[in-house]
Amino acid sequence: MSAKAEFSGYLRQDGRKGIRNTILVVYLVECAHHVAREIVYPHRKQGVHLIGFGGCYPNQYAYDMMARLCTHPNTGGALLVSLGCESFDRRGLAKQIAESGRPVETLVIQEKGGTLSTVEQGQAWLGETMAGLEESTPRVTMAVDELVVGAICGGSDATSGITANPAIGRCFDLLVEKDAKAIFEEGGELIGCERIMAERAVTPELGEEILATMEKTARYYTTMGHGSFAVGNADGGLSTVEEKSMGAYAKSGSSPISGLIKPGDVPPAGGLYLLDIVPDGGARFGFPNINDNAEIAELIACGAHMTLFSTGRGSVVGSAISPVIKVCANPDTFRRMAGDMDVDAGRILEGRATLDEVGEEIFSQVLAVAGGAPTKSESLGHQEFVLTYKSFEPIGPACLPV
Amino acid sequence: MDEAQTGLLLRISDVDNVYVLLRNLTAGTVLKFGERETVHEKALELGHKIAARDIAAGEKIIKYGAPIGSATRDIRAGEHVHVHNIKSDYIPTYTLDSVTE
Numbered sequence: 002m003s004a005k006a007e008f009s010g011y012l013r014q015d016g017r018k019g020i021r022n023t024i025l026v027v028y029l030v031e032c033a034h035h036v037a038r039e040i041v042y043p044h045r046k047q048g049v050h051l052i053g054f055g056g057c058y059p060n061q062y063a064y065d066m067m068a069r070l071c072t073h074p075n076t077g078g079a080l081l082v083s084l085g086c087e088s089f090d091r092r093g094l095a096k097q098i099a100e101s102g103r104p105v106e107t108l109v110i111q112e113k114g115g116t117l118s119t120v121e122q123g124q125a126w127l128g129e130t131m132a133g134l135e136e137s138t139p140r141v142t143m144a145v146d147e148l149v150v151g152a153i154c155g156g157s158d159a160t161s162g163i164t165a166n167p168a169i170g171r172c173f174d175l176l177v178e179k180d181a182k183a184i185f186e187e188g189g190e191l192i193g194c195e196r197i198m199a200e201r202a203v204t205p206e207l208g209e210e211i212l213a214t215m216e217k218t219a220r221y222y223t224t225m226g227h228g229s230f231a232v233g234n235a236d237g238g239l240s241t242v243e244e245k246s247m248g249a250y251a252k253s254g255s256s257p258i259s260g261l262i263k264p265g266d267v268p269p270a271g272g273l274y275l276l277d278i279v280p281d282g283g284a285r286f287g288f289p290n291i292n293d294n295a296e297i298a299e300l301i302a303c304g305a306h307m308t309l310f311s312t313g314r315g316s317v318v319g320s321a322i323s324p325v326i327k328v329c330a331n332p333d334t335f336r337r338m339a340g341d342m343d344v345d346a347g348r349i350l351e352g353r354a355t356l357d358e359v360g361e362e363i364f365s366q367v368l369a370v371a372g373g374a375p376t377k378s379e380s381l382g383h384q385e386f387v388l389t390y391k392s393f394e395p396i397g398p399a400c401l402p403v
Numbered sequence: 010m011d012e013a014q015t016g017l018l019l020r021i022s023d024v025d026n027v028y029v030l031l032r033n034l035t036a037g038t039v040l041k042f043g044e045r046e047t048v049h050e051k052a053l054e055l056g057h058k059i060a061a062r063d064i065a066a067g068e069k070i071i072k073y074g075a076p077i078g079s080a081t082r083d084i085r086a087g088e089h090v091h092v093h094n095i096k097s098d099y100i101p102t103y104t105l106d107s108v109t110e
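Sequence lines, in order, name chains A and B.
If you use the working numbering, the first sequence corresponds to residues 2 to 403, in order.
If you use the working numbering, the second sequence corresponds to residues 10 to 110, in order.
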């Protein structure tokens, strides 16, 4: 492997290190979305990302997610944009961000004289903050074992489970071997794999927790009336949710499962972790994952510096905050959409590469992206983000035996 | 499997009763299993499944060495295996065809 296992990171006050130094502009209700977008627009390709929460009613999960994202190691500062009458606890959030040592400002549109003056003041704050950010953020050496890497599949087809997902699994094995933190998800796309997953848990108690989580997941999706299965999955040759699951499961590689976490829980040590994104309690706010980007945001809230994204049909999405590395499973899709894809895993299907070779290529890309190289979706300006209502109970002690 | 099919079909696990297509299948392709020939009237994209042997209605479909659903009718070796002849043992599959039904 030619890529260096050490790179330069941004040191944060809590000791964590980031691979990007992004400024977030955060709308705290849909009514502030346009103003926030206008503030970002001139700087959208200069490391300023737009995220937000659309709802007006308060929600602890959404607040905790936002706090995690605004104090994520890749985040250098945040501008909060509030309409003024929404329920989101803007003062609490601003306080948490300030205490994390990051520059933060809150603009309340109703107090700042409306759209134009808020946009003007927001852009002025951005200009000043961006000018001083690189200088005021300490740069330090960062190693592979300090990385948190997430994995997700989106726009899966029947090639995903044969090429891209097992190749990501090989990369995950390499990361775990080097004591990095690797996170896979999500229960709804692992239905049918509960027993084999439980057997991989580092303790029997964790295995029991995984089984209980998977039971909750199957129940929740059954209540919703849909599996985690889109129309395109069937067009691509997948017939059932458990077939999709078996393919998706390959992303996890072959390491033991060290823990079960929920959105916002940061893995405490190197190893492989399963992220449970299915809300606890009754099915209240709708689907657990309304789309891939909701899951990516949750991986990022768990500290993911980047996300490995396997796609067969051809997803183009990236993400705010943490880069997305697109691993294309289907060789025909790669030929059609090469400009959006970082890795051509479909070569495996055509005998032009082995699983191990593609796994090592993904690992090299992880190191390159950690060192600052932009991914395809990053270069194209993709900054998708979505956050919805949910509710979770904290994880129990058996979930993190390490 | 017929010699000509080598490189076209992949059996992921030895116990699987379905193959995976490694290349796109053009309409009218004939797949030969022993004495039996199956004509595929429709084009099939790579990744789709082909029955590796006769599968009876109710029998589990095995891929990756694991059950991925059950046959809803008898499936003959060489046939396309998909939402029209298998179903999930967990949550029903939603397709745009099922919306218009």
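Treat the hints as calculated values from the structure; they're not laboratory data.
Any given hint could turn out to be false.
Claimed, not checked - EDC-like, lysine to aspartate or glutamate: derived pairs with alpha carbons at most 20 Å apart:
1. B:K69 with A:E195
2. B:K51 with A:E195
3. A:K217 with B:D98
4. B:K69 with A:D333
We went through each hint and held it up to the structure:
1. B:K69 with A:E195: Distance ~18 Å between K69 of chain B and E195 of chain A Cα, so the pair holds.
2. B:K51 with A:E195: Judged against 20 Å, a Cα distance of about 36 Å means the pair is violated.
3. A:K217 with B:D98: Since the Cα atoms of K217 of chain A and D98 of chain B sit roughly 17 Å apart, the hinted pair holds (cutoff 20 Å).
4. B:K69 with A:D333: Not OK: K69 of chain B and D333 of chain A at ~30 Å, beyond 20 Å, violated.
When held up to the earlier numbered hints, the structure conflicts with 2 and 4 and fits the remainder.
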